[in-house]
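For the record, the sequence lines run as chains E, V and Y. Here my numbering is used: the first residue of the first sequence is 1, the next is one more, and so on. Here my numbering is used: the first residue of the second sequence is 293, the next is one more, and so on. Here my numbering is used: the first residue of the third sequence is 435, the next is one more, and so on.
Read the hints as simulated data drawn from the structure, not as lab findings. Keep in mind it's a predicted model, so treat the numbers as computed, not measured. Each residue gets a CB set at the ideal place from its N, CA and C atoms; glycine is no exception. Check the hints yourself; a few may be wrong.
Label-pair ranges, simulated between beta-carbon atoms [what the hints assert, rightly or not]:
no.	chain 1	residue 1	chain 2	residue 2	range
1	Y	G467	E	D62	17 to 23 Å
2	E	T29	V	D408	42 to 48 Å
3	E	P245	V	T365	57 to 63 Å
Each chain, written out:
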Amino acid sequence: MIRTSLFAALTVAATAALVAQEPIPQPRTSGGCPVESRAFHDCATAKARTFKPTRTRDGHPDFQGYWRSRNNGIAYDVESGPGSFAVPPTLGEIIEPADKKIPYQPWALARRNELRTKGFEDPQGHCAPSGAPRKNNTLFGWRIIQPRGYVVFLYESMHDYRIIPTDGRQHLPKSIKMWHGDPVGRWEGDTLVVDYTNLNGKHWFDMSGNFQSENIHVVERYTMFTPDTIHFVATIEDATMYTRPWTLNFSLERNKEPGYYQLEYACHEGERDLQHFTDDTGRGESKTFREK
Amino acid sequence: MGGAGRVSKRVGGCGSLDAPGWAALFLVLASGALLHAHHSVLAYDGATPTTLTGTVVKVLWQNPHAYIDLDVTADGTRTRWIVENEGPVALERLGWTKSTLTPGDVVTITGARARDGGARLRCASVTLVDARRLPCFASGGT
Amino acid sequence: MMALSALIAAAFAATLTAQQAAPAYRPPRLPNGHPDLQGIWQVRNTANWNLQAHGGSYKTPAGLGVVVDPPEGLIPYRPEALAIKEKNWASRETADPLEKCYLAGVPRTMYLPYPLQILQTETEVAILSEYVHTWRWIPLTPLARYPGYESWMGDPRGRWDGDTLVIETVGHNDQTWFDHAGNFHSDALKVTERLRRTAADVITYEATMEDAKVFTRPWTIRMPLYLHRDMDRILENECYIYAEEAGKPIRGEHPK
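Whole structure, please, built from the sequences with the hints as guidance.
Here is the structure:
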């Protein structure tokens with residue numbers, strides 16, 4: 001079965017990587033482009049130049065439908081890594097700077113290395129919404145709808161959403177800080193550009209301690225390069241944490257699984273509920289791991 | 293699409309896992325590569341694969357983690373193990389349903405044991421009463 | 435005198451007739467003719483605290499109630515279910531699911547003290563609540579249901595009946611309450627909502643509840659949703675994160 005061999009290939013690859021210290025072999029492609037971040041960027045950019053998407057009534061590319069992230073383990077670490085228990089290896093998603101590492105200032109790198117061993121402090125584990133760009137790393141997929149003047153993402157994970165107006169409106173006052181930030185979009189030709197300010201900077205980019213500050217500013221770009229793939233690019237700026245802006249990218253792919261159905265994923269329920277204890281099929285109580 | 297019956301829910305993940313694959317996985321861990329951690333597996337030691345066979349006492353089918361309480365008898369002593377899983381949506385997409393396990397089922401569960409040595413396991417796979425083997429996690433995040 | 439008052443009465447009657455003959459509100463429409471319900475909406479009532487008429491009490495404003503059927507405004511519980519409602523009422527300060535930041539369910543999500551954004555395409559309606567970033571995706575197409583779907587927010591299907599959006603929702607779990615007063619349901623609940631834009635700034639909202647395990651008959655609530663002209667985007671409310679940041683994390687214990 002395809003999926004069995006895929007998993008076996010990953011585990012074998014991970015083992016091979018550790019033993020031989022070779023780059024992890026990457027046979028997979030997305031939209032006809034290799035998934036390694038730099039190669040993907042160049043290939044997807046080239047394809048987008050000549051690709052003509054189908055359009056909505058108001059003339060913009062039609063992104064509507066079910067999508068998922070081409071997740072190469074980047075949910076765990078935006079930089080590259082060999083993986084571990086329940087964590088697949090990853091080639092990472094950074095394209096700038098060239099060494100594919102977040103360009104931390106020294107104090108921030110020290111802090112990141114400390115947080116790396118404290119995965120339980122990842123706000124996502126506490127059910128904080130992932131914000132930008134992290135939410136697009138989700139394995140659980142989303143639906144996009146395009147009402148006139150908007151692009152709306154309906155994520156399965158934590159029933160989260162993004163409501164992106166495409167009229168280039170003003171941002172909210174600086175005093176409002178949110179986990180979701182304030183997304184303001186506009187179309188640049190066939191690219192949806194989304195500018196996020198008002199992020200509270202409390203989140204991480206992944207599960208490996210790559211934290212944020214409240215001075216973060218994120219710009220995302222979505223460009224279709226085949227009928228079933230979108231080139232997703234995000235640039236992150238924060239002069240208080242980094243020596244320069246940095247950029248990541250990965251592929252978003254249509255989910256064309258027949259009969260696919262979004263399920264409800266309420267991030268927390270029984271674990272916190274002392275009232276609805278049952279013995280069997282349960283909604284009941286559980287202990288979450290908050291070891292500090 | 294349409295009509296009765298369960299719709300396909302698979303989004304990645306595995307149908308069944310063979311022993312060599314698991315051995316390779318645990319070899320990765322034995323090398324000490326624990327730099328990247330899923331927040332919920334940090335409390336478990338993936339380098340120490342543990343296999344339990346026992347009787348299902350209860351199943352907590354809930355977010356963010358589903359739990360299987362398992363009574364395991366060894367050397368005449370019965371121990372209640374708490375087995376942690378992904379949440380129901382992840383499990384459904386790996387082939388589980390809320391009624392995959394019923395209290396009273398005797399099953400075998402493989403996974404990573406709690407670092408503090410307590411009777412807690414982070415599930416890697418479950419072998420059911422009908423000998424089907426289901427994985428407990430896909431290679432992805434929230 | 436008699437002739438004058440008759441004249442006044444006739445003039446008044448004529449005015450009334452003229453008002454009744456005035457055209458009904460005509461909503462803006464999408465290109466395919468569906469009424470446009472889009473915007474940011476919120477109720478101004480106390481339904482979230484108590485669907486039935488109630489006087490004021492500690493931290494709770496008084497309200498006229500929103501139950502329109504049965505006409506006396508009382509939710510028609512089965513006797514054994516009424517006992518459960520009364521237990522819920524007594525423990526509402528801790529037992530109300532919203533006290534633990536759980537999802538509000540349907541229809542309560544529509545009358546929370548948080549704004550909703552309604553967005554539409556020709557094939558679906560999305561209702562997005564600021565409360566814990568909760569979305570309802572309501573397809574207008576005959577999508578087959580997912581067997582065994584069980585959720586806090588239910589599994590909705592929509593259709594247009596003239597200028598009224600009708601939403602039928604099943605697939606509820608039994609965990610949500612209709613309000614803070616402890617009005618509850620089982621997982622057999624079916625909710626039928628009707629939304630009609632009856633003025634530029636008003637959606638008239640109705641919801642009919644059917645649940646034979648809990649109620650002796652269906653019952654209906656009705657209330658206006660008002661357009662927010664003071665905001666062009668909803669903000670966020672991360673209830674359980676706020677609790678954690680305030681040093682009062684909402685926690686549980688694994689059952690023995």
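Q. Of the numbered hints stated previously, which ones are contradicted by the structure, given in increasing order?
A. Nothing - there is no hint that the structure violates, so all of them hold.
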